[in-house]
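Asks: Taking full-length UniProt numbering, I'd label the letters of the sequence shown as residues 1 to 220.
Each hint should be verified, as a subset may be incorrect.
Stated by the list, open to error - Taking lysine to any residue pairs in the SDA-like style, the calculated list, with each CA pair at most 25 Å apart, reads:
1. 215 x 193
2. 115 x 204
3. 187 x 40
4. 62 x 89
5. 139 x 129
6. 99 x 117
7. 40 x 198
8. 40 x 171
9. 6 x 89
10. 24 x 198
11. 40 x 63
12. 40 x 58
13. 187 x 171
Stated by the list, open to error - Label-pair restraints from in silico Cβ distances:
14. 37 x 164: 21 to 29 Å
15. 88 x 168: 37 to 45 Å
16. 45 x 211: 19 to 27 Å
Just so you know, these hints were derived from the structure itself, not from any lab.
Glycine included, C-beta positions come from ideal geometry on N, C-alpha and C.
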Amino acid sequence: MAEEVKLFKTFSSAFGLRVVWGLKLKGIEYEAIDEDLSNKSPLLLQYNPVYKKVPVLVHNGKPISESLVILEYIDETWKQNPILPEDPFERARERFWAKFNDEKLLPTVWAVFTKEGKDREEAMAGSVENLNFVEEELKGKKFFGGEKIGLADLVLGWLANLIGIFEEVAGLKIVDERYPLLLAWMKEFSQHPVTKDTWPPHDKMIIRYQAFYDKYHPAK
Numbered sequence: 001m002a003e004e005v006k007l008f009k010t011f012s013s014a015f016g017l018r019v020v021w022g023l024k025l026k027g028i029e030y031e032a033i034d035e036d037l038s039n040k041s042p043l044l045l046q047y048n049p050v051y052k053k054v055p056v057l058v059h060n061g062k063p064i065s066e067s068l069v070i071l072e073y074i075d076e077t078w079k080q081n082p083i084l085p086e087d088p089f090e091r092a093r094e095r096f097w098a099k100f101n102d103e104k105l106l107p108t109v110w111a112v113f114t115k116e117g118k119d120r121e122e123a124m125a126g127s128v129e130n131l132n133f134v135e136e137e138l139k140g141k142k143f144f145g146g147e148k149i150g151l152a153d154l155v156l157g158w159l160a161n162l163i164g165i166f167e168e169v170a171g172l173k174i175v176d177e178r179y180p181l182l183l184a185w186m187k188e189f190s191q192h193p194v195t196k197d198t199w200p201p202h203d204k205m206i207i208r209y210q211a212f213y214d215k216y217h218p219a220k
């Protein structure tokens, strides 16, 4: 019996994209279902009644929600091309950086994008501190886990694309020459076979995030 794999996502979501990469890394065929979050489908609400958001992976009729949970499920279900290393310490490190991204780095960068004045200055200071941690972690490495893409790369992968969208829309620079290792990683990751054909259209991303920006920065 053939396996049925569906992924509910949106084209612009960094959280859905990391799951796309996880599936591609594993070589798993799946059906992509793009949701309109302003008019969520009954299926999405059925599969994720708690959070009512994407991404949701449906494997043989069973839904799994939350991108980090989905990535670990993918890794445990399909053993080829591991997302997490075998060594317990290295697995813990990958999980640490994934959690760091979602709880510290991404929120501070998002605040830079959405805030103004003193609040933006404080968010930028937080982003600089967090990006410095990322830069330090990449010393002597091609990817966060070494020579191969792993969990931390998939989770931090939004930096290779979305950070540029933020910068273009907001007219500011967040990742610059202060982060040579991060810039090199961003280029390497964006051109990797797992990612290079998955990036959403630039023009559509600009339109989507310009709308977000205008929402948080209404014309005075």
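Asks: A separate judgement is required for each hint: does it hold in the structure or not?
Replies: Hint check:
1. Between residue 215 and residue 193 the CA atoms are separated by roughly 35 Å; this puts the pair beyond 25 Å, and the hint is violated.
2. Between residue 115 and residue 204, the direct Cα distance comes to roughly 23 Å. Compliance with the 25 Å bound is thereby established for this hinted pair.
3. This hinted pair does not check out: residue 187 and residue 40 have alpha carbons roughly 34 Å apart, beyond 25 Å.
4. Taking the CA atoms of residue 62 and residue 89, the gap is near 31 Å; set against the 25 Å cutoff, the hint is violated.
5. Straight-line distance between C-alpha atoms of residue 139 and residue 129 comes to about 16 Å, which keeps the hinted pair within the 25 Å bound.
6. With a C-alpha separation of about 28 Å, the suggested pairing of residue 99 with residue 117 is violated against the 25 Å cut-off.
7. Taking the CA atoms of residue 40 and residue 198, the gap is near 23 Å; set against the 25 Å cutoff, the hint holds.
8. The hinted pair formed by residue 40 and residue 171 fails the criterion: a straight-line CA distance of about 32 Å is larger than 25 Å.
9. With a CA separation close to 32 Å, the supplied pair residue 6 and residue 89 exceeds the 25 Å bound.
10. For the hint pairing residue 24 with residue 198, the CA-to-CA distance comes to about 9 Å; that is within 25 Å, so the pair holds.
11. Straight-line distance between C-alpha atoms of residue 40 and residue 63 comes to about 16 Å, which keeps the hinted pair within the 25 Å bound.
12. Distance restraint check for residue 40 and residue 58: the Cα-Cα separation of roughly 16 Å lies within the 25 Å cut-off, and the hinted pair is therefore satisfied.
13. The straight-line distance between the Cα atoms of residue 187 and residue 171 is roughly 21 Å, inside the 25 Å bound, and the hint therefore holds.
14. Remark: the range hint 21 to 29 Å for residue 37 to residue 164 is upheld by a beta-carbon distance near 23 Å.
15. At roughly 41 Å, the beta-carbon separation of residue 88 and residue 168 lies within the given 37 to 45 Å, and the hint holds.
16. Between residue 45 and residue 211 the beta carbons are some 23 Å apart, a value that agrees with the proposed interval 19 to 27 Å.
Figure legend: structure checked against the earlier numbered hints; hints not met, in rising order: 1, 3, 4, 6, 8 and 9.
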